[in-house]
Amino acid sequence: MSNVKQFKDTDIQLAIGWILRLGVIISMSVVFIGGCLYIYRHGYSIANYHEFKGVPNFVHTPAGIWHGILTGHGQAIIQAGILLLVATPVLRILFSAFGFLLEKDYLYVGITLLVLAIIIISALTGHGG
Amino acid sequence: MSVILFTLIILVGAYMAGLLGSLTGLGGGVVIIPLLSLVLDVNIHYAIGASLVSVIATSSGSAVAYVREGITNMRIGMFLEIATTTGAMLGAMLALHLQTSFIAVIFGVILIFTAVMSLRKKEEFVSQEKSWLSDKLKLNGSYPANGQTVQYGVRHVGGGFLMMLFAGVISGLLGIGSGSLKVVAMDGIMRIPFKVSTTTSNFMIGVTAAASAVVYLQRGYIDPGLSMPVVIGVLLGALTGSKILVHTQKSGWLRWTFAIVVTFLAIQMIYNGINHKI
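Protein chains in written order, with our numbering: chain P, 1 to 129; chain F, 1 to 278.
Keep in mind that the hints are not guaranteed to be accurate.
To be verified - Restraint-style ranges between C-beta atoms, simulated for each label pair: (1) F:LYS136 to P:THR71: 48 to 56 angstroms; (2) F:LYS136 to P:ALA63: 43 to 51 angstroms; (3) F:ARG120 to P:THR71: 32 to 40 angstroms.
By construction, these hints were calculated from the structure, which means they are not laboratory data. Cβ coordinates follow ideal geometry from the N, Cα and C atoms, glycine included.
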């Protein structure tokens with residue numbers, strides 16, 4: 001019997017709740033700021049989404065988004081916020097893996113890393129196929 | 001239509017969708033996609049991309065409370081996410097090769113199913129039976145209810161896993177959370193108590209959607225100009241809905257109204273799909 005305080009499920013739960021909330025608040029703030037800038041710049045352009053053309057190049061690649069943010073493009077800032085939003089659940093998985101590791105629940109460390117691997121494979125193959 | 005007007009219309013529509021979604025438990029995506037594609041003539045690929053992003057926002061936002069209360073079963077969620085993320089990846093890839101009119105028809109069918117699911121009675125049923133696999137995987141758990149701890153067992157892990165795979169495919173294909181299918185897998189097949197099923201399903205939706213979102217992002221399906229009002233509107237609507245829900249328990253008539261509206265939208269989607277108008 002050790003005297004060290006055991007890391008428990010409730011600790012993971014609190015931390016995960018915190019990550020999810022923070023992720024949503026930050027990403028939504030970024031989307032909102034980008035949105036204001038986008039409306040200010042392009043509010044009177046014509047919106048046309050009938051034909052599928054894909055998104056403009058400068059919001060398609062991480063490098064393009066980064067350049068777009070530096071040059072103050074609203075759409076690039078929105079897209080950065082959306083990337084943060086998509087990253088929130090992925091971060092949650094990463095953190096769960098860490099939590100299960102502290103609990104010494106190695107079966108669930110494995111399961112968690114497997115889910116993470118599937119998402120990474122999904123990200124990698126989405127580009128090629 | 002000018003960008004400013006277009007954005008305002010979507011903002012209001014998405015707010016209503018988020019509000020109704022959280023009040024009825026149907027999720028916002030089922031209203032957002034028909035609104036965008038049927039009313040605003042948005043290409044269904046863009047509509048799916050925008051909806052998916054809003055699904056992640058509402059799942060992450062609303063999961064917080066249940067996770068903290070300890071109702072969500074994180075092990076069940078994590079284990080079944082193997083199935084949903086694999087399915088979501090397959091679904092997102094499938095979406096690239098299917099005709100949009102065909103996707104519209106599938107969407108309509110899932111919409112009708114979701115509407116029916118939202119109307120059924122939600123009785124709490126706690127099973128103590130466990131299976132060998134659920135024991136091995138430590139899926140059996142407990143949750144707090146009225147100051148007490150309720151223990152429950154989990155059965156039919158394999159069947160639930162397969163159903164989750166299907167739910168993942170649908171989520172990736174259509175850009176919705178497919179919460180109703182996830183609840184079928186957990187509540188219907190694995191006999192997990194309703195409260196745990198719904199909250200764990202909600203918890204999982206964000207991860208499932210993220211798995212297909214990474215594919216859609218690279219394909220250019222997620223347009224910032226369109227996602228911005230959708231995601232902000234749905235999130236604000238869902239927040240308002242959860243505030244209202246604390247004060248009122250009678251949502252019977254609301255459920256019926258929403259189910260009828262969703263069924264109407266579903267028929268419209270199927271009709272347009274069959275006639276290749278989408």
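Each hint tested on the structure:
no., hint, result
1, F:LYS136 to P:THR71: 48 to 56 angstroms, "holds (55 angstroms)"
2, F:LYS136 to P:ALA63: 43 to 51 angstroms, "holds (46 angstroms)"
3, F:ARG120 to P:THR71: 32 to 40 angstroms, "violated (53 angstroms)"
When held up to the earlier numbered hints, the structure conflicts with hint 3 and nothing else.
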